[in-house]
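**Q** Spelled out, the chains give:
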Amino acid sequence: MKKVLLVLLLVVSILAFSSKVLVVGTTDKIRTLDPAKCYDYFSSNILQNVLTGLVDYEVNTSNLIPSLAESWEVSPDSLVYTFHLRKDAKFEDGTAIDASVMKYSIDRAMKLNGDPAFLLTDIVDSTKVVDKYTFQIKLKYPFSAFLSVLGYTVAWPVNPNLYPENAFYEGAPSSSGPYKIAEWIRDVRIVLEKNDKYFGPAPKVDKVVITFYESAATLRLALETGQIDIAFRHLDPRDISDLENNPNINVIKGSSPQIRYLVLNTKQAPFSNPLVRKAIMYAVDRQRIVDDVFVGLAQPLYSMVPMGMWSHEDIFPKRNLRAAKRLLQQAGYWTDKPLTIDLWYSPTHYGTTEADVAQVLKESLEETGIIKVNIKYAEWSTYVDYFLNGTMGLFLLGWYPDYIDPDDYLWPFLSVNGAKSMGSFYENPTTEAVMKAARVCVDQNTRSDLYDQVQNHLVVDVPNIPLWQGVAVVATQKNIKGVLLEPTQIFRYYLIEKK
Amino acid sequence: MSLKDYILTRILLAIPMMFILLIVIFFVLRIIPGDPVLAILGGKAPQEVIDQKRHELGLDKPIIVQFFDYVGDLLKGDLGKSTLTSRPVWNEIKDRFPATVELTLFAFLVAVLIGIFWGAEAAAHRDGIFDVSARVYSVFIYAIPVFWFGLMMQYYFGMVLRWLPVAGRLSPIVSLDTKTGFFLLDSIITWNWEAFIDVLKHLLMPGITLGLVISSIFLRMVRNNTILMLSQDFSTAARARGISQRRVLYKHALRNAMVPILTVMGLQLAILLAGAVLTETTFSWPGLGSYLVMKIRYRDFPAIQGTIVFFAFFVIVISIVVDIINALIDPRVRY
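Each protein sequence line maps, in turn, to chains W and L.
Quick note: the first sequence, position 421, residue 421 per UniProt numbering, numbers continuous.
Quick note: the second sequence, position 134, residue 134 per UniProt numbering, numbers continuous.
If you're looking for bench data, these hints aren't it; they were derived computationally from the structure.
Be a bit skeptical, because a hint or two may be false.
[Said to hold, decoys possible] Pulled a few chain W residues facing chain L out of the computed Cβ check, cut under 8 Å: (1) E170; (2) D187; (3) R189; (4) V209; (5) S215; (6) R233; (7) L388.
[Claimed, not checked] Only pairs whose alpha carbons sit at most 27 Å apart, straight line, appear in this in silico DSS-like list of lysine-lysine: (8) W:K29 to L:K81; (9) W:K372 to W:K337; (10) L:K61 to W:K111; (11) W:K20 to W:K267; (12) W:K499 to W:K194; (13) L:K61 to W:K420; (14) W:K90 to W:K138; (15) W:K20 to W:K498; (16) W:K499 to W:K478; (17) W:K197 to W:K87; (18) L:K201 to W:K207; (19) W:K90 to W:K103; (20) L:K94 to W:K29; (21) W:K20 to W:K204; (22) W:K207 to W:K478; (23) W:K204 to W:K481; (24) W:K481 to W:K207; (25) L:K179 to W:K29; (26) L:K179 to L:K94; (27) W:K267 to W:K128; (28) W:K90 to W:K128; (29) L:K201 to W:K29; (30) W:K20 to W:K90; (31) L:K179 to W:K207; (32) W:K20 to W:K253; (33) L:K81 to W:K111; (34) W:K20 to L:K201; (35) W:K267 to W:K140; (36) L:K81 to L:K179; (37) W:K128 to W:K140; (38) W:K207 to W:K498; (39) W:K194 to L:K179.
Since this is a predicted model, take the numbers as computed values, not measurements.
Cβ atoms here follow ideal geometry from the backbone N, Cα and C, with glycine treated the same way.
So here's chain L without its partners, still in its complex pose (with noise of 0.2 Å):
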């Protein structure tokens, strides 16, 4: 199968994908019990003031046309309205979503220098002090719940030593005009030092922390592939030659042991995404996991699809990049 043609299949498997997604998230959400328009309304709203909400919501049609009328308004690129705010959900989404991406690359960054760095040396210096203490680190990072890991983090570093806010992205009494809603991106932008360093000191705190947490899967894929690589011919022909250890390491064994590990990393990076709600909802960082679990709680079918939808369209069109790096790497992945 020829590059072009791959590419093309993966673009065109993935339509059935969202399709299959949407008709499960679209019923699922209506099938369990609860209804939006009580959960915004309460008892207190007389019969006539409902009816004209179910009705202004379209949920007084049947759920099939309900569905269609979805997939439509979808296709024309409307998520709809959030039913608890009358608000587009895509504008939601658009004032939520930076602050998750700027919490994900974050902790992504922490996580792979940690993964890379110490994987390769811990690889280097099998069952050395490197090698043991990153295995026990894994081991022990990926058992901690991320909340109570947060939790310590705050008390220590908020409460005990005070050097880092414990919560939000900004403190109150520093202002910042927010252009594109990336607040490190517009504090540099607009030339805003105070509220860069600001915003860095908030990020810290959480970014570490979920950071640390996905570390240790990188930790040890690095490692374990290292391993492997370095146990390659070409790892003891470079030796051989009397290259040194380091660039051994660094330049022959890490870089080929990167190729699996590159999709792993970019899978991860979509999930994060996706999955940051337990970090966000211990530090009060306003993105789309803690939007997601709010609206949840309310029902709000609309914005619980959008968001949903969203992240879906997200981690595929990830997947999809991820394998096109792959086939242009390693062409035997075209089948």
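Okay, chain W solo, but in the shape it has when bound (with noise of 0.2 Å):
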């Protein structure tokens, strides 16, 4: 009898224990956890659960609300931007979040010039101490989405007593969000524990632990059986639709700002002739992608604003063959002179469905009949190189939004720049005028009507086609409340209770 007792005591406080641990797997990555340096999904994912900035996101919203700053007033020109800071935030060893430390964070960015640093410095004219509790920044020209810049985690404070000023940091962040990292063991696993001295609200669950898994196929094993409470990031959806029929398991879908799209290189025969690109435009078949790749687990895109986001519109027309024929009949090509083409992709980059993808859309242009497509391939390095250079034609791409606005869907594949940086090498100088008449522009009806004639410029020349719009997705125990997939795509592990 005693021994029975003991033994239900042991499996007693062993539940007892691991009901205040949440276990989280994922096969990301964490690079760095240097808001200067930072710039991939993962790492960001950690810093926006340690970290704090000057604004946040409203929870499963895109609006955006005060967070360290609260208050802010801009200046009538838009060019100087004022933050109150509240004054009971603080890092996890007691250093106040004050205006110096604000100014040190956001100069020490700029100055050691990391991988998203630019998305300051191309704004950014000076920062300023007004007060101990008052931040001051210049812009270098009105941008109408600078607070949504200021919601990544580049502009975010570091404390300085840990972060050196001319290198970037290696270790762990000291916290001022709702945890603290307890323990990191690089590419094993990495432990967050309450942070006590966080002004917000205190999470859900205790202590969160990362595990890190090599492979989608592993994740989904440590999920069934039972190692870990959620799996985020990323299982294959073949695998999430067999989780889906397994009674032990939720699968919860959300929203995501990934888009994919297809780009056409308009400097490049015969890419060159919007007529091509436009029967392209008409016969490619997202739907089929999205049944057969992702079993329903992305929708088509008929924008290159995704959809749930202001002055999203569906522009982009409908599959419609005849009309595909036709335009290729224009451009001087038939089914005894087809137009034969290259399609690329890389095959890890984007995961395992890539190759998929492109098989399916090589089947839906050459239901023309005019068309015939030679897939190939190349590594991502050398896939970057290749678009870059202008090497490919026609090829898949994807998007992972810098800060959640329509000009971070635009500006960067249409303005001269950017087109050139991401392989269309497009240029449309009504279009940029456009662009820039929306960036500086602060009411967001008129900025909306300006992103829809850049929309309707977009089908016109065609140089990008976009074909879905990912979901995001995470598997869970069914014990586990509270997870949100929000279309800022921020995890917040806060939120989220072990029943």
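Mind docking these for me? Both chains are given alone in their own frames, and the hints should help you get the complex.
**A** In structure tokens form, the structure reads like this:
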């Protein structure tokens, strides 16, 4: 009897202990936890849970709300932003987050010129400490999406006692957010613990352990065997549909701002011919990609601005093979004189599904009877080299936003410099002028009208063809509640509960 | 040639070997298409950021200057900094290497135990059930792809029976003070027996998978060499003196059979250290093999070069040690 009681006691204590710990599995890796250098999704995700910025996004929306800055004013010429900081914000070691810390952090990020620094250096002219809790940023030119840029971790404050002024920092940050980092074994696991000094609401779970896996298959097994509570990035689409049939697992789907698209190099024949570009636009079969490759875990996309974001318009036409054929014939191609093109993809960068996507695209273009497609692929570093140098004419690419604003879905692809760096080499002074007007305009309705115009230009010139928008997916054990897949793609561990 | 001269010659020969390897890795990496800066930054970054990064990494210098810079740094013990994380490559290798060593030694132990005992018994009972099963086993195991075998192990022992964890080195809720990076050792020196059991459970599946796969090579070698030794005059003489079959097998035949096998085992251990890539990937084992695969994907030149140089150094050192041991045991190898 005593033995039974002892065993029961042990089981209860193990259960009590494990229920306080949330275990998350991922195949992502942390590259760096220095906001001045951090420019990949998962590193940002950790920082979003352990640090705070001047502004934050309202939970489950893309609306900006105050965070470290209680309020702010913008000068009439839209060049000077003055932030009034809250007085109770502290780092883990008790250092107050005041205007001098803000200045130190933003100046440091710009000076070190790490991977994401251009988001600031392109726009910010100077920073200024007005008084202990008033901080000012002066811009080089008016930029309506500036607050959204401040929502990205590159502009978030770091502890000057820890982060050197002239070098990147390798270690774990000094926390100012809901969690602090208790343990970090690179590529093995990172342990987050509740930060008692955080000014905001306390996390629902005191401790989060994030473990790293090498493959999607292992991640799935870890979830199914109960080794982890949550599988977050990246399960394979087929595994997800299997897991949906597993009665012990919850599969949660949410919107994702990730878009995938085709790039057409407007300077390379035959894609330099707008008729060819338009024909491809009519021939692509988005629905088949979504159904066959992603088993429904994606949505067909008809604009470069993603669904759910203001100014989005389903502007690209639905599939129309007859129109595609007509355009190809106008361009001088016939069944006995077909258009032969190369379609490029990268086999590892976008997961295991990319080869299938290329195959479906090939089939849908060849259904015109006038196009012959050769599928080609290159490993990511070569791929980037090729599209920057204009080697590839037609290729697949994807986009995660740097800041949540339509500008980040149009300017990088269509502005003269942006288009060059994204491989389409598109130039249109009218589009450029409209986008510039939208950048300096403060009123959202006017901006929305301007972006409508830009989207219309896209359908006429077709330097890019939007294909699908990703669906964010998380699979959890049944006792996990409070998982939110937000439009901003911020994954907040501090809202999750373990029942 | 005296033993001293022999050792000196072996060490001196290793230097040009390393140098040739360095040249090959360095230039092959740069000849194949793909730019590490672009692989990291993608198309998003403006040209000046790309240029600055290239300058930072020294990639804007002529290739020959880059090579001599690299060799110069290497002689100072500096493997450079990873282009992906900006951390010193040596630190990243130090983080990952203990995991690979732990897995490899465990696998090696499994392979050696199976190879020696089964191989010896198979030789002693030639054409008997031990022997036939050993031959079938070694052909079968040698033919199986290691990742498939690993997946099956994960499915059966992880999913169906739920005996062992499917991946990683440590359970998320088990804490361990990592002093050396060798988790088994760390758990022993910190008297953390909960962690010790947990680490051992994590080690079992990948270790056995890898161990079984290489055991077939040892098994066949031990069997064949022991059969050869059992047919030698000294074995016959031992039997004639009335020494038991078991003693003849283990004390006389196997001991003599082990001389050439030890050489192969030593080299196999070195190759294993560098080649556990598939097992590491299948079991999400955070070792140097999976590290190398990740870095190749991003064209992280310093990390790839550093890891390969590190492995090469390791293989060369082990092969020298094996040669020296052989020379000590058998003077004929000194030429």
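**Q** Next step is simple, just say for each hint if it's right about the structure.
**A** Checked hints:
no.	hint	in the structure
1	E170	holds, 6 Å
2	D187	holds, 4 Å
3	R189	holds, 6 Å
4	V209	holds, 4 Å
5	S215	holds, 6 Å
6	R233	violated, 14 Å
7	L388	holds, 6 Å
8	W:K29 to L:K81	holds, 18 Å
9	W:K372 to W:K337	holds, 10 Å
10	L:K61 to W:K111	holds, 24 Å
11	W:K20 to W:K267	violated, 58 Å
12	W:K499 to W:K194	holds, 18 Å
13	L:K61 to W:K420	holds, 25 Å
14	W:K90 to W:K138	holds, 25 Å
15	W:K20 to W:K498	holds, 7 Å
16	W:K499 to W:K478	holds, 9 Å
17	W:K197 to W:K87	holds, 13 Å
18	L:K201 to W:K207	holds, 24 Å
19	W:K90 to W:K103	holds, 16 Å
20	L:K94 to W:K29	holds, 18 Å
21	W:K20 to W:K204	holds, 9 Å
22	W:K207 to W:K478	holds, 19 Å
23	W:K204 to W:K481	holds, 10 Å
24	W:K481 to W:K207	holds, 15 Å
25	L:K179 to W:K29	holds, 23 Å
26	L:K179 to L:K94	holds, 12 Å
27	W:K267 to W:K128	violated, 45 Å
28	W:K90 to W:K128	holds, 20 Å
29	L:K201 to W:K29	holds, 24 Å
30	W:K20 to W:K90	holds, 25 Å
31	L:K179 to W:K207	holds, 23 Å
32	W:K20 to W:K253	holds, 25 Å
33	L:K81 to W:K111	holds, 20 Å
34	W:K20 to L:K201	holds, 23 Å
35	W:K267 to W:K140	violated, 32 Å
36	L:K81 to L:K179	holds, 23 Å
37	W:K128 to W:K140	holds, 14 Å
38	W:K207 to W:K498	holds, 11 Å
39	W:K194 to L:K179	holds, 25 Å
Comparing the model with each numbered hint stated earlier shows that hints 6, 11, 27, 35 do not hold.
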